[in-house]
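Novice: Okay, here's what each chain looks like letter by letter:
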Amino acid sequence: MQIQYRHWNAAHGWRGASALREPAQLVLYFGSRQGLASGARYRELRDLYPDSHIVGCSTGGQIHGDDISDDEVVAVALHFARTQVRVVDVVVDSREASRACGARLARKVMGADLAGLFVLSDGLRVNGAELLAGMTDLLGPDLPVTGGLAGDGTSFEQTLVGADGEPLPNRVAAIGFYGTSFRFTHGCAGGWDVFGPRRKVTKSNGPVVEELDGSPPLDLYTRYLGEDEVAAMPGSGLAFPLRIHDESEPDRQIVRSVFAVDRNARTLTFAADIPEGCTAQLMRANFDSLAAGAGEAGRQARSALADEVAGDKLAILVSCTGRRKVMGQRTQDELDAVAAELGDDVTRIGFYSYGEIAPPGGSGRCELHNQTMTVTMFAEAAE
Amino acid sequence: MHRLLARQIRQSTDEAGQVDMARLAELVSTAYEESDGDRRRTDRAIKLMIEELEQTHKRAEQDLSRAREFLDSIIENIPIAVFAKDAKDSRYILLNRAGEEYYGMPREAMLGRTPQQIFPEDIARVVNEQDRRVVDSGTPMLLEGHVLEVGVKGHDRVVNSRKLLVRDNGGAPQYLVGVIEDVTERITNEARISHLAHHDALTDLPNRSAFNAELDQRLGRAQEASTSFAVLSLDLDRFKDVNDVFGHPVGDMMMRAAAERLVAEADGAFVARIGGDEFMILMPDDIRREDVLSLAERLVEAIGKELEVDDYLSQVGLSVGIAVYPGDGVDAAALLANADSALYRAKREGRGRVCFFETGMDRELRDRRLLQHDLRHALEQSEFQVYFQPQARMDGEIIGFEALLRWNHPVRGFVPPDQFIPLAEESGLIIEIGDWVLRETCRQAASWPRPLQVAVNLSPVQFQTGDLERSIHQILLETGLAPTRLEVEITEGVLIGDFTRALNLLRRLKALGIHIAMDDFGTGYSSLSYLQSFPFDKIKIDRSFILNLEATPQSAEIVRAVLSLAHALHIPVVAEGVETEAQRAFLQREACEVMQGYLIGRPEPIERYADLIGINVERRRYA
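Line by line, the protein sequences are chains A and B. Numbering of the first sequence is given in our numbering, commencing with residue 0 and proceeding in unit increments. Numbering of the second sequence is given in our numbering, commencing with residue 9 and proceeding in unit increments.
Since the hints were made in silico from the structure, they are not lab data. Each hint should be verified, as a subset may be incorrect.
Said to hold, decoys possible - Here are the computed distance ranges between Cβ atoms for each label pair:
| hint | chain 1 | residue 1 | chain 2 | residue 2 | range |
| --- | --- | --- | --- | --- | --- |
| 1 | B | Gln-19 | A | His-11 | 14 to 20 Å |
| 2 | B | Ala-205 | A | Asp-245 | 55 to 61 Å |
| 3 | B | Arg-200 | A | Asp-245 | 53 to 59 Å |
Said to hold, decoys possible - No more than 30 Å apart at the CA atoms, straight line, and that leaves these computed lysine-lysine pairs for DSS-like:
| hint | chain 1 | residue 1 | chain 2 | residue 2 |
| --- | --- | --- | --- | --- |
| 4 | A | Lys-199 | B | Lys-66 |
| 5 | A | Lys-202 | B | Lys-55 |
| 6 | A | Lys-199 | B | Lys-55 |
If you're wondering where the values come from, they're calculated on a predicted model, not measured in any experiment. Quick reminder that beta carbons are idealized off the backbone N, C-alpha and C, glycines included.
Using the sequences and the hints, build the whole thing.
Specialist: In structure tokens form, the structure reads like this:
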């Protein structure tokens, strides 16, 4: 595998490392919604890589190496020696259609030697958990699927995904990697701790929680954030995600963060469905624990990667916008922690998302997460 | 240098190595703000969390306290004594209300004290021994159905008691918990239910199922030992009348009195009540036939004596049928069926009798059942007919007819009325049949050109059940027969039983214009008093007197006496069974008003008497 890294800024346009010796099969790019919305960046990339699949999305911040930027567009062009790549996409008209769309995507990418799937999805109009459930229905729980939900900074207005076309809302793109040489590892961790009493979700409707212990959930967040910070909801609510525990699936412990607020109804909308009757507990973290969590994700991905890989190694870091919001300038610490685990020989790119897709703890069926760092590594085995 | 500061300096340094102080200051300031914000959030979260946890804790305590109160009130109010003691020294630490009742002292007198301080020494020693055993072994103690040793409830209470050990967190004995349940009522109830299952509630005699069980046992024993025994089937005669006259509450008392007499007289034999007025007796083994008979006769005599209950006097009778093992049957079914056959014969022979089973009786009973079966279908199959027998003045002038029911069975031919009428009365079919006879008779009489009288017999059963008055009224309206042409004949059986009711009914019938005749006069018991209580329109002298007119002088005297009595009361007399000219001559001499019998004409379909009812035969033929 060979990697060519590129980035774009308003001052210099596209710049990057020396061109690939062989044509790229796949180009991945990430940028802010404002930076991608015009479609100009896609068109430029298309000119640069006329024969490649080009897939990208809007974010809550782009990661390249040790840096985070909001203005630059980052991209990698990948050449695989012995791996085939297929890119598929679907339009999701409504949240309710999410599961069916997941199944359609899965049908399109299914293949005997499918080795892994990387998914980029609209981050606001798609029910990520249902999308993944639809995919798992067809592909089974053992195929590794990673990726993330596109972001929109902390404004939560519109997210974009493009697959061999200009990036648009309501899109889901999936990249299938085929062949026995492809190495696809992943890690996923949070670094959050639960605190305070357990609360019952006494009333909910899909992802909208209407009552916690019989009271409006916004009241709880108002108490914990204070009036000043509540004004900045939903962004400020990212500081206190909820751990959801469903009695019917006792082994599944899921973290969900607030995506939208209805100040009249005093209800909160979360990233995925929260069934009535679940237990919810507030979570919080400090800078160090979050950084340690990110390091753990890096460790999982790296340790899963066998030594006998040849050529370049790519790590795609998908971390939650909520983490960046909480860590502020200390966000860099989590990238440092990942870098320390991955080592110098791995190219790092990634973005801050509205949801991370990976099997939890580096194993098991893929889930939609909030407030985690996920690390996906691509490499090819030596001949 | 702090990692963050190093990063901030790097971010504020341009390519030439120049540090932009303003940029650096901004980064540092923002980092401080972020830090402050994070600290504030953390502080706030910790404070709120403590508050919330305290609230949760408080709520949990309240819930716990409510749950405790709830449980306390349950323990306090359950009707089972509950106590708890310190496992070390058996000192009482809890006692509920039922416990106070059980021990007969307020809890203040027990709590904090040991058994030695509360109970007499011997009891305290037993209690302590039990406690030590439970504490040492760790296994619960369960005593079922023992009699109380302490307490004021008395020594006749039966209790189940249970003691168990409760250990503390470290596993050391902490409490002894005990429950004492008073099961006296339950045990009594169980015994009572079992008694009820095998005894008749009214007389407390063994019931049918107990009798069957006893009979099976006796059969087994008799088969093994080759002994014999007698089965007596008993039926109280006329007991139904007792209920009808006095009502069921008195009837029940009479039944109890009768049962007591049976038991007293049965001399230790097994007496069971198996139905309304039916009893069975199993005699001891190997009793001689004549002893069985004499016992049965004593029973008949004892029951036949007047019963007095609460000033109510009544007389019932007893009929007895006897079957003997093994001669009359070797299994329960045969013995019972044959004792019943004998009973039936006893009743048919006039009640108040004792009959041993004889071969053939069982067939008789079967025949009777068959006949009853056929009787049920006779009406639908139109097997009944009304025959008419003319009644005439002494000069031969026909004044009316008596309607007589005939049953023409397709196989049996004509069944004699004395065979099927009692059956119809027993089964209640007489109501329907009686209605049919009345309607048919009235319908026919209404069509006769000559307005002759027509007499119909009514059964006592028709008086007792149903609405006879309404039914007669309805039939008269339907058929258009003038009430004055209808005469009903009753026997004194109608007046036995509910006398007042029967009398009122007769009065109302008479008020309609219907004539009332006293039938079979001279054969009953107290006809004279009935004559006094009701103004009969006619008296019919029983045929038996007329038949014997020439043979026995007494009969002539009786007829003469009846006629003079009737004349004195201005009641006309009909002589039945007049067959010879001599009989007619005698009756004419004695001024008897009306006669009926073969001399005048046999009972026949009315067509045979067409000329008498005014139908011109010739005219009818060609009409």
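Novice: Now tell me if each hint is right for this structure.
Specialist: Now the hints, each set against the structure:
For the pair B/Gln-19 and A/His-11, the beta carbons lie near 18 Å from each other, so the given range of 14 to 20 Å is met. In this structure the supplied range 55 to 61 Å holds for B/Ala-205 paired with A/Asp-245, their Cβ-Cβ distance being about 57 Å. Distance hint for B/Arg-200 and A/Asp-245: a CB-CB separation of about 57 Å, consistent with the stated range 53 to 59 Å. The suggested pairing of A/Lys-199 with B/Lys-66 holds, with an alpha-carbon distance near 18 Å, which does not exceed 30 Å.
For the given pair, A/Lys-202 sits about 27 Å from B/Lys-55 by alpha-carbon distance, which is consistent with the 30 Å threshold. Between A/Lys-199 and B/Lys-55 the alpha-carbon distance is near 21 Å, which keeps this suggested pair within the 30 Å criterion.
Every hint from the earlier list agrees with this structure, and none is contradicted.
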